[in-house]
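Colleague: Sequence:
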Amino acid sequence: YRQIRYEERGQVGYLHFAFPGGAMSTDQCRRLHDALLHARSRPTRILVFMGGPDYFSNGIHLNVIEAAESPADESWRNINAMDDLVHEIITMEDRLTVSALGANAGAGGVALAAASDRVWARPSVVLNPHYRGMGGLYGSEYWTYLLPRRVGESKALELTEGTLPLGAYAAREMGLVDYIFQGSPVTFHDSVAVQAEALAHDHNYWMMLAMKEAIRHHDERRKPLAEYRDEELARMRENFYGPDPSYHEARRRFVHKLMPRPGTTRRTTSAERNEIR
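In our numbering, each number is its position in the sequence shown, counted from 1, plus 30.
To be clear, the hints were calculated from the coordinates, so they are not data collected in a lab.
Hints are not guaranteed to be accurate.
In the BS3-like style, the derived pairs of lysine-lysine whose C-alpha atoms are separated by at most 25 Å in a straight line are [said to hold, decoys possible]:
no., residue 1, residue 2
1, Lys253, Lys242
2, Lys185, Lys242
3, Lys185, Lys287
None of these values were measured; they are calculated from a predicted model.
Use the sequences and the hints to build the structure in full.
Modeller: Quick look at the structure:
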């Protein structure tokens with residue numbers, strides 16, 4: 031089957047990406063990025079990110095990283111490819127974007143979903159926004175920008191430091207999800223199509239688009255996206271190349287289905303908490 035597929039109906043484009051296990055390797059991220067650029071070239075008003083039937087996205091591909099000649103180097107390539115993809119969505123000012131979660135998302139996949147202007151979900155969807163369980167991994171994908179703008183700084187830290195799953199209704203209550211569609215996976219797709227087409231023809235569409243652009247420019251003046259990325263990647267570089275092997279050990283145990291070693295999850299220091307501000 032095709033992992034990446036684009037379709038168009040009326041004023042709405044739909045980008046499907048069905049990656050096994052929801053994990054996205056460097057190559058898969060780059061191919062999805064190319065598909066996104068193609069979707070941007072089309073004269074649509076709405077672009078919907080559909081993910082796949084089993085998962086929306088679970089972030090970087092730990093199995094591919096583990097099998098690489100240099101897992102640290104592949105981790106670095108993979109997280110940068112994810113960041114490039116998320117950046118493209120955040121800076122898409124010529125149309126409205128929607129993340130339609132018909133299936134679960136985890137780690138960087140939650141940040142990927144949050145990059146869109148709207149996040150819609152099925153009621154059974156579970157989000158795992160945390161990274162820390164993977165040997166204290168800090169995470170990137172612009173989460174220090176995307177999550178606080180939706181749920182606030184303290185809640186963003188709570189979500190990324192914890193290990194508890196988050197249901198769709200709880201996510202809606204805190205602002206991480208905007209709307210929940212009832213029904214089966216099949217009817218979810220139909221419901222998304224109806225809602226997306228309605229959004230494309232909303233009489234306030236151009237006002238919403240202008241407001242989106244104004245907010246993005248305001249946010250950029252306050253703190254550039256490049257600064258968020260640099261700060262996150264500085265922490266990730268330490269995870270990948272630093273003296274603490276916790277991430278590499280946790281990844282190895284995850285990939286090879288070994289029991290986690292006690293004490294491999296490191297709590298955040300107060301200095302690190304201040305970094306998202």
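Colleague: Against each hint, give a clear statement of whether it holds in the structure.
Modeller: Results for each hint:
Proposed proximity of Lys253 and Lys242 is supported: the alpha carbons are some 16 Å apart, at most 25 Å. For the hint pairing Lys185 with Lys242, the CA-to-CA distance comes to about 23 Å; that is within 25 Å, so the pair holds. Restraint check for Lys185 and Lys287: not satisfied, since their Cα atoms lie roughly 31 Å apart, outside the 25 Å limit.
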